[in-house]
Amino acid sequence: MLRGGLGAVRDQRRGEGQAGLKDGGDCGGFSAAEAAAWLKLPSGKVKRSVAQSGPRLWLCSYLAGGSTPAIAFSIEIAKDGKTAAVEMERYRDNLMVAAETAPFKGKLPKGAYSDIMGVGDEGVWTDINGAYTVRKGHVTVQFTLPKEKLSQVQLAKIVLAKF
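The opening residue of the sequence shown carries number 1 in the numbering used here; numbering runs sequentially from there.
These aren't lab readings, by the way, just hints derived from the structure by calculation. Here the structure is a predicted model, which means the values were calculated and not measured. All C-beta atoms in this analysis are idealised placements derived from N, C-alpha and C, irrespective of residue type, glycine included. Wrong hints could be hidden among the right ones.
[Claimed, not checked] SDA-like mimics (lysine to any residue), calculated; alpha carbons at most 20 Å apart, straight line:
id: 1; residue 1: LYS47; residue 2: LEU59
id: 2; residue 1: LYS147; residue 2: LYS22
id: 3; residue 1: LYS40; residue 2: SER67
id: 4; residue 1: LYS149; residue 2: GLY130
id: 5; residue 1: LYS22; residue 2: GLN52
id: 6; residue 1: LYS157; residue 2: ASP26
[What the hints assert, rightly or not] Estimated spans, in silico, between C-beta atoms of each pair:
id: 7; residue 1: GLY25; residue 2: THR83; range: 16 to 24 Å
id: 8; residue 1: ALA33; residue 2: PRO109; range: 22 to 30 Å
id: 9; residue 1: VAL97; residue 2: LEU150; range: 24 to 32 Å
id: 10; residue 1: GLU89; residue 2: ALA161; range: 22 to 30 Å
id: 11; residue 1: LYS157; residue 2: ALA51; range: 20 to 28 Å
id: 12; residue 1: PRO109; residue 2: LYS79; range: 36 to 44 Å
id: 13; residue 1: SER114; residue 2: LYS22; range: 26 to 34 Å
id: 14; residue 1: VAL50; residue 2: GLY130; range: 18 to 26 Å
Work the whole structure out from these sequences, hints included.
Dropping the structure here:
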């Protein structure tokens, strides 16, 4: 379903509950061995790297043999589900604004973003940064690698099932 503006549907999706994750420092429990299995590589070939980028934001990457990540996502933990839902609304609004700027104006035939249902409480995929952002309770995860939309959604299902 493509969405463009704010509306009642978004208000109905607003999460009030808490997911079990309190700290993103372990990448939601997604291990290097699980990343290797998902990438169809021997477990010793994948290394996990975690960097805290703020008080509630962690960057997780999984290197497959070299220095270029094969999987990358960030985990942001809000104080509650309602706050996380408001942040997702703000993200959608920011995507709408970005879609009207020179690099993207007239070049996004499917719109600034598309809502993807069935993973977490709400999810958004965009051509603007090639990322899938999904919220579950008070936790928001943004997948940037792999670049393929379907792969990002499949990976999100695995990661979010852990909390």
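Structure-based check of each hint:
Proposed proximity of LYS47 and LEU59 is supported: the alpha carbons are some 14 Å apart, at most 20 Å. Pair hint LYS147 plus LYS22 does not hold up; C-alpha atoms about 27 Å apart against a cutoff of 20 Å. With a C-alpha separation of about 18 Å, the suggested pair LYS40 and SER67 falls inside the 20 Å cut-off, and the hint holds. For a cut-off of 20 Å, the pair hint linking LYS149 to GLY130 stands: about 8 Å separates their Cα positions.
Annotation: proposed proximity of LYS22 to GLN52 holds, straight-line Cα distance about 14 Å (limit 20 Å). Restraint check for LYS157 and ASP26: the C-alpha separation of about 17 Å stays at or below 20 Å, so the hint holds. For the hinted restraint 16 to 24 Å between GLY25 and THR83, the CB-CB distance of approximately 20 Å keeps it satisfied. At roughly 40 Å, the beta-carbon separation of ALA33 and PRO109 lies outside the given 22 to 30 Å, and the hint is violated.
Range check, VAL97 to LEU150: Cβ separation about 27 Å, and the 24 to 32 Å hint holds. At roughly 25 Å, the beta carbons of GLU89 and ALA161 sit within the given window of 22 to 30 Å. For the pair LYS157 and ALA51, the supplied restraint of 20 to 28 Å holds, since their beta-carbon distance comes to about 24 Å. The hinted window of 36 to 44 Å between PRO109 and LYS79 holds, with their beta carbons roughly 38 Å apart.
Between SER114 and LYS22 the CB atoms are about 31 Å apart, so this pair conforms to the stated range of 26 to 34 Å. One distance hint, 18 to 26 Å for the beta-carbon pair VAL50 and GLY130, holds here, with the actual separation near 22 Å.
Figure legend: structure checked against the earlier numbered hints; hints not met, in rising order: 2, 8.
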